[in-house]
Structure formats: structure tokens, C-alpha cells
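With chain P fixed as given, assemble chain E onto it according to the hints.
Here is what each chain is made of, one letter per residue.
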Amino acid sequence: MDIVHYLILSALLFIIGAVGVIFKRNVISIFLCIELMLNAVNLSFVAFSSFLSQVHGQVFVFFVMVVAAAEAAVGLAITIVLQRNRGTLSVDDADIMKW
Amino acid sequence: MEKFLFYLFGGIALLAAINVVALRRVFYSAISLIICLCALSGLYMLLAAPFIAAVQVIVYAGAIMVLFLFVIMLLDPFSASTGQDKKRLLSYAAILLGIVALSLLYPILKAYDLASAPRNAGIVPGGTGSVRHLGEVLFNDYLLPFEVISVLILVAIIGTVVLAKRRA
Numbered sequence: 001m002d003i004v005h006y007l008i009l010s011a012l013l014f015i016i017g018a019v020g021v022i023f024k025r026n027v028i029s030i031f032l033c034i035e036l037m038l039n040a041v042n043l044s045f046v047a048f049s050s051f052l053s054q055v056h057g058q059v060f061v062f063f064v065m066v067v068a069a070a071e072a073a074v075g076l077a078i079t080i081v082l083q084r085n086r087g088t089l090s091v092d093d094a095d096i097m098k099w
Numbered sequence: 001m002e003k004f005l006f007y008l009f010g011g012i013a014l015l016a017a018i019n020v021v022a023l024r025r026v027f028y029s030a031i032s033l034i035i036c037l038c039a040l041s042g043l044y045m046l047l048a049a050p051f052i053a054a055v056q057v058i059v060y061a062g063a064i065m066v067l068f069l070f071v072i073m074l075l076d077p078f079s080a081s082t083g084q085d086k087k088r089l090l091s092y093a094a095i096l097l098g099i100v101a102l103s104l105l106y107p108i109l110k111a112y113d114l115a116s117a118p119r120n121a122g123i124v125p126g127g128t129g130s131v132r133h134l135g136e137v138l139f140n141d142y143l144l145p146f147e148v149i150s151v152l153i154l155v156a157i158i159g160t161v162v163l164a165k166r167r168a
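Chains as they are written, first to last, in our numbering: chain P, 1 to 99; chain E, 1 to 168.
Distance windows between CB atoms, simulated:
{"no.": "1", "chain 1": "P", "residue 1": "L52", "chain 2": "E", "residue 2": "M1", "range": "16 to 26 angstroms"}
{"no.": "2", "chain 1": "E", "residue 1": "A164", "chain 2": "P", "residue 2": "Q54", "range": "32 to 42 angstroms"}
{"no.": "3", "chain 1": "E", "residue 1": "V100", "chain 2": "P", "residue 2": "V41", "range": "18 to 28 angstroms"}
Calculated from the structure, these hints are not laboratory results. Backbone N, C-alpha and C define an ideal beta-carbon position, used for all residues, glycine too.
For reference, chain P alone in the conformation it holds in the complex (with noise of 0.2 angstroms):
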């Protein structure tokens, strides 16, 4: 085995979940593909720390999940706001902002 592999199937999983981030319309399926996204990057980030045998790639990949797991929350406090006062999670529906 080498990075390589690693590093497609990180490239695959990332794509997959921009494709989902530009055509979902729900916001939480949205929420749901950056988090794939993000793990694309962690597995990266662990293949080369692996294979350079650098332990500072799984640092990196704690301090992500942290991100991420604030990021959620937020994200969901922002969504479940969004459905009380709009009644809706379709993210066209959410365009006040929009110009």
C-alpha cells in the first residue's frame, strides 16, 4: 500500500461531498456533506502523518473534530432558529440576505 491510495479515496469522499453541498437544498443534508468534507481532509491528514511518521498530521485531526463539533452545534442551533421563524429548512427560502 501507499499514500496514494489513501489520499483518491480522500480526493473521491471529498468531491462527493462538495457535489452534495452544491445541489442539496435541505440545510441540514448541507451540514451533513461539510462533515464529510471535513473528513476527507482528516483522512489525509492521518495517511501523511502515517506515512512520515510525523505524529502532528493527528494533532491536526483533533483540533478538526473540535471545529467540526462546534461548528454542528452552532450550525443546528442556526437551523432549528431558522425553522421556527421561517417554517421552513429549504435553504432558498432562507434569502432575506439575498440581494
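Here is chain E on its own, set in the frame of chain P:
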């Protein structure tokens, strides 16, 4: 054996990831994402990172995704308006964009010298992936970021409470 496990976990992760995007109902998407995260945790084990693998299952699949599922059930995804996923043009454009992004990867891989690619050192007791080594680096080299990120968590907690509080 390592190759077999890589393709097994990688295949599960890929299929689950495709399901996350393809399935219409948010609840099933979330379940697929949990499967994907668990498969990734298996890959971390292969990469000699047992601590990250455990944290992936406990924190990511166990805590963050449960938060997602709570909110999904709270908002009643089966009847609430989930919006039109089917803007045909947009979905074709998204898939096209994905293929373009993938093809950008090809020249990079072609330029990469496979023979000199670093090899996996494997699990060594007390090696790079061990909890002890990770902890030493985390609390010596990365002490300041560690403390700063705890402030970030605090900010996120306060922000969540303020946002979700019902206006009196």
C-alpha cells in the same frame, strides 16, 4: 491483508458517502454518514492511529452525529418541507463540476514519483500513533492552540444557548 482491509473499508466509506448525497430523506443520509465515519475509523486503525480511530467513533459517530439525529427528529424531517432537491440542471452541473475537480487531480498524481512514495511504518509500540506520544506533542508543542480551542468551544456553547433560547 492490508490491501483487502483497505479496499473493504474504503469501499464501504465510498458507498456510504454516495448514499449521503443520493438519499432523499435527511434521516437516512445521517445514518449513512455514521456508517461512513465508522469505516473511516477502520482506515485510521490501518494507518496506525488507534487514538484517532477511537475518537472518531466516540466523538464523531457517537456525539456529533447523535446531535444531528436529535435535531433531525426534532424538526420532523419526514413531513416538513425539505425543499426541492430536484433542480435537474443544478444537479447535472454539480456532477459535472465534481468530474472536473477529479480530473484536476490526474496531472498531480502523474507527476508524483510512486517508487519513492513513503511507506507505512505500521504499528510500533510507543511509535508515532501511540496515545503517549500524541499526548506529549499535544501538551508541549501545541499547548497554546489546545487552550485557544477550548475558548472556541466555550464560544460555541454560549452562541448555541443564545441562538436556541426562545425569545420571551
